[in-house]
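*Asks:* As they're listed, the protein sequences go chains A and B.
Positions 1 to 141 (this note's numbering) are the ones given, in order, by the first sequence.
Positions 1 to 432 (this note's numbering) are the ones given, in order, by the second sequence.
Please keep in mind that the hints were generated in silico from the structure rather than gathered at the bench.
The model shown is predicted, which means the values in this text are computed figures rather than measured ones.
Any given hint could be a false lead.
Within a straight-line C-alpha distance of at most 25 Å, the following computed DSS-like cross-link-like pairs (lysine-lysine) qualify [stated by the list, open to error]:
| # | chain 1 | residue 1 | chain 2 | residue 2 |
| --- | --- | --- | --- | --- |
| 1 | B | Lys196 | A | Lys13 |
| 2 | A | Lys54 | B | Lys414 |
| 3 | A | Lys13 | B | Lys353 |
In case you want the letters, here they are:
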Amino acid sequence: MIIKQLSIFLENKSGRLADVLGVLGDAGIAIKALTIADTSEYGILRLIVSDDAKALEALRSEGFSVNFTDVISIATPSEAGSFANILKIMAANSISVEYMYAFSFNQKAAIVMRPENITRTIEVMKSQGIDLITSSELRAM
Amino acid sequence: MIWNPTFECMSREDMHRCQSRRLSDMVERVYHNVPFYRNKMQEVGIHPEDIQSIDDLSKLPFTTKQDLRDNYPYGLFAVPMSEIVRVHASSGTTGKPTVVGYTRKDLGTWSEVVARTLTCAGAHKHDVIHIAYGYGLFTGGLGLHYGSEKIGATVIPVSGGNTQRQLQIMQDFGSSILACTPSYALYLAEALEEFKIKRSDLKLRVGVFGAEPWTENMRREIEAKWSIKAIDIFGLSEVIGPGVSAECSQQDGLHVFEDHFIPEIVDPVTLKPLPEGHTGELVFTTITKEGLPLLRYRTRDLTSLNYQTCGCGRTLVRMKKCTGRSDDMLIIRGVNLFPSQIETVLLNMSETKPHYMIIVDRVNNLDTLEIWVEVEQEFFMDRISEFQNLTRKIQHNIESATGLGVNVKLVEPKTIERSEGKAKRVIDKRKF
Ligand SMILES: [Zn+2]
Numbered sequence: 001m002i003i004k005q006l007s008i009f010l011e012n013k014s015g016r017l018a019d020v021l022g023v024l025g026d027a028g029i030a031i032k033a034l035t036i037a038d039t040s041e042y043g044i045l046r047l048i049v050s051d052d053a054k055a056l057e058a059l060r061s062e063g064f065s066v067n068f069t070d071v072i073s074i075a076t077p078s079e080a081g082s083f084a085n086i087l088k089i090m091a092a093n094s095i096s097v098e099y100m101y102a103f104s105f106n107q108k109a110a111i112v113m114r115p116e117n118i119t120r121t122i123e124v125m126k127s128q129g130i131d132l133i134t135s136s137e138l139r140a141m
Numbered sequence: 001m002i003w004n005p006t007f008e009c010m011s012r013e014d015m016h017r018c019q020s021r022r023l024s025d026m027v028e029r030v031y032h033n034v035p036f037y038r039n040k041m042q043e044v045g046i047h048p049e050d051i052q053s054i055d056d057l058s059k060l061p062f063t064t065k066q067d068l069r070d071n072y073p074y075g076l077f078a079v080p081m082s083e084i085v086r087v088h089a090s091s092g093t094t095g096k097p098t099v100v101g102y103t104r105k106d107l108g109t110w111s112e113v114v115a116r117t118l119t120c121a122g123a124h125k126h127d128v129i130h131i132a133y134g135y136g137l138f139t140g141g142l143g144l145h146y147g148s149e150k151i152g153a154t155v156i157p158v159s160g161g162n163t164q165r166q167l168q169i170m171q172d173f174g175s176s177i178l179a180c181t182p183s184y185a186l187y188l189a190e191a192l193e194e195f196k197i198k199r200s201d202l203k204l205r206v207g208v209f210g211a212e213p214w215t216e217n218m219r220r221e222i223e224a225k226w227s228i229k230a231i232d233i234f235g236l237s238e239v240i241g242p243g244v245s246a247e248c249s250q251q252d253g254l255h256v257f258e259d260h261f262i263p264e265i266v267d268p269v270t271l272k273p274l275p276e277g278h279t280g281e282l283v284f285t286t287i288t289k290e291g292l293p294l295l296r297y298r299t300r301d302l303t304s305l306n307y308q309t310c311g312c313g314r315t316l317v318r319m320k321k322c323t324g325r326s327d328d329m330l331i332i333r334g335v336n337l338f339p340s341q342i343e344t345v346l347l348n349m350s351e352t353k354p355h356y357m358i359i360v361d362r363v364n365n366l367d368t369l370e371i372w373v374e375v376e377q378e379f380f381m382d383r384i385s386e387f388q389n390l391t392r393k394i395q396h397n398i399e400s401a402t403g404l405g406v407n408v409k410l411v412e413p414k415t416i417e418r419s420e421g422k423a424k425r426v427i428d429k430r431k432f
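The following block holds chain B by itself, in its conformation from the complex (with noise of 0.2 Å):
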């Protein structure tokens, strides 16, 4: 089934027309509203009047997670703070989050885009769906929860965390659809024999996982310890959250509702854009949000477009499953993390330098985090217990500026590679 067919399935010819329009009333709207891009484009000598179609994107400024730190937390949103009915917000790489607004409209948008996303995945109103993604500031929880209502499906929302608690409620309200995390999915999936639920008493078909990097080998393990079809959605909070594309039941690219969101590739180090097909840097523009309306933003995903008809009918474009970054960010648990936010807690302290090392791993299923930190000379202690205590602080610290859970090793000075250029800093021992 196909939620939309009207978009999902329009000629190449209508949706160039339809973005066209939809573009230019965007670009029109943000001139005014929004002083950040009135001085971009003034910068680069463009007038609203000159972008009269997609073809003319290409004219437009970039947008950069940066641009979005510096002007926090609403200084790009394009209305009022009375038409803004909710905020989401994402880890920075200073402790600073990304915030993200929405409109009454915004939030009608956001339901359709997961409801075509979840319809894409082979859901339907019969469909018990379970979110186990986490509630709150995170948009994927509510993103899916408002797009599984609209489809009509019965909605748990029990967000994340409590393995045991998750087999239970999967087992007795009969949950059907799983939405998660990936590698939470596995990890679920070798729970079962833990708690000794069995797999012929739950009822699931289909998971749609999201919101970190996974593999086709990933995948396959996934099908094949749950016997279900595990669907890839792709979403952000900077573009709307979970909803902006999604794999349709051939699992051949996910789709993009690119009457919404206008994809394009670009080289990352010349942002020249790049010919269908080719890999490069994946950047959103929106041009139906109304709160915090983006132009030509740099996601740093690296994937590459397909522009042919889906053996699905669905005639929308496609984006290849997102492997790589064009920047150090890492997805850990579905959290976002730079390097450079635990450079910030080893500088903050009298007790640290920043030499550090990021280690990720994956040990059954679940990321893990390791920090090693260099001892300082300045800074030696002669007991045990001292170490202990640094040990303890600079993990509390850490966890505290990127809520994620770490083991922090000390080690000896100049271990850690110095290096002239950028320093390698982390080591992620997963495989994507």
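The shape of chain A in the complex, shown without the other chains (with noise of 0.2 Å):
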């Protein structure tokens, strides 16, 4: 259930984020889903991608700073109001959450976020029925 995202520390400079996609492109790596959060001088660009282990090593090795965070991943049923739901039973179990963003997965909206407490998120999320994307899933993409 658990999905490793890449995060990594970026100067705000240009050219830096095609770097990183250079390096990833250049390793046969395909990006699932892509967040950029940042200030005026840096940002941490976080990633989801097909081979995680072979990302970190090729990141680092060009001497990125560069780690796993784990975070999970949802795909919202495309009725009206199903995100809202989440949400809901969320708040109903005092879930938090640092951040989250969203990508297509199988021509639906998933998302992904980052909880508080990723293990107690994961227990409510299968109790209420909700799926969750897991990293097989993601890599056949």
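Please assemble the complex out of the two chains, which come individually in their own frames, going by the hints.
*Replies:* Quick look at the structure:
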């Protein structure tokens, strides 16, 4: 259920994002989801890729400051209000989230989140019948 | 006017005799009272009898800032603590400051040399001396203070900071002489407009500026902006504080008060004395101080000496304005900073390694200090707030170790150049 996200420290200099994507492309790694959190001087690039171990190695050998962060991913059904429903469940169970972002998955929307307590969040989601995307599903995309 | 013509205009022969007598007395004193000096002299096989005149000076061993640190705080004092009436200190590389002690006689000597400094700059008893150097452990404020009182001037002990109040006091109290760092003098000049204070409402006529290196260009700028004479004064706390040397109205080198402090110029690598006019490291031997006498103290400042009689009538040797150093010490807003201080802070933090760069600049005449620190792979974090907390923590630790406000910038790993030998740690964009 836990997905390994790559978190990369980047200075706000032009071309740095392209450098990261270049390294991954050369290593034959596909990007499944991507988001950036930034300040005026630096940012954190967060990536979900087809082969996390290989990506980590490739980026580290190029000198990037990169590490894994545990996140979960939920595919949201396309009915109206489904995402709101998930958020309601989370609120009812006092699950707080550090950050979340969305990407597309098999023509559907999916969200990635880093909850404060990942094990408990997984339990709550399971008990509520909400499907979490697994890393093998992601890889197969 | 010359404060003490007997010494300031003494013939070179008489000065040689005076220095020789005082030097051999001093060597005798430290040999018997300071184990550190006795050991050092024994190591090189020198006995006090071997020092008969100033010509024997080069036989004596050198003293360094490290020696002062190794003997922290009072190890090099040559008198019992009951004789010490004042202590000052300057910031050091490892958090430990350099401590200096004064006997009552030393404080008298200090007032005397600062009185000479101020008179050299053209000050007299009718002046109102505005002291914007910091008061406290730093020797700047109190050093200028007692010398100003000695010449009978009116002293305004404003101390540093609060620009608007400085200008208001200058206007209301009729300050005629300003004592501060040259960069602060420029900053104040530019603040005049901001606070709507008219230059014509100020009585300022002379500035005595020191505690940091400055160029002839900066002098011209200060003199033009303020319409005053800008005089360079020099001192270091280890030797006594301000009052070691000062420019006269000729502004052609700083007269060293050599009846108290003998200057030498040595090659910073071979440590061999250099002839007159050659640029090298400035070395001082104090010959009248009781509390903390220094044998051939290496200042690390680079300059040269000129023994020609000055147009002002003083026969005292003149040293050129110091513009360089033989070590990596930086002077920022008048505060000494060694790169190793930053290194120590980063080594003491579990989140950082000493991969850093110091960037110094001068913006609107004020020194700015920025430290780039590499983000370490092992301590990588996934949230912006964690990086912000780390930045604040580094900033806080550097500020409490150095007393300097600093802007910390996190950079990617390996962006700071690694080198086999001495890494380039400093980019100083200021023009000296
Ligand atoms: Zn002169």
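*Asks:* For this structure, which hints from the list above don't hold up?
*Replies:* 1
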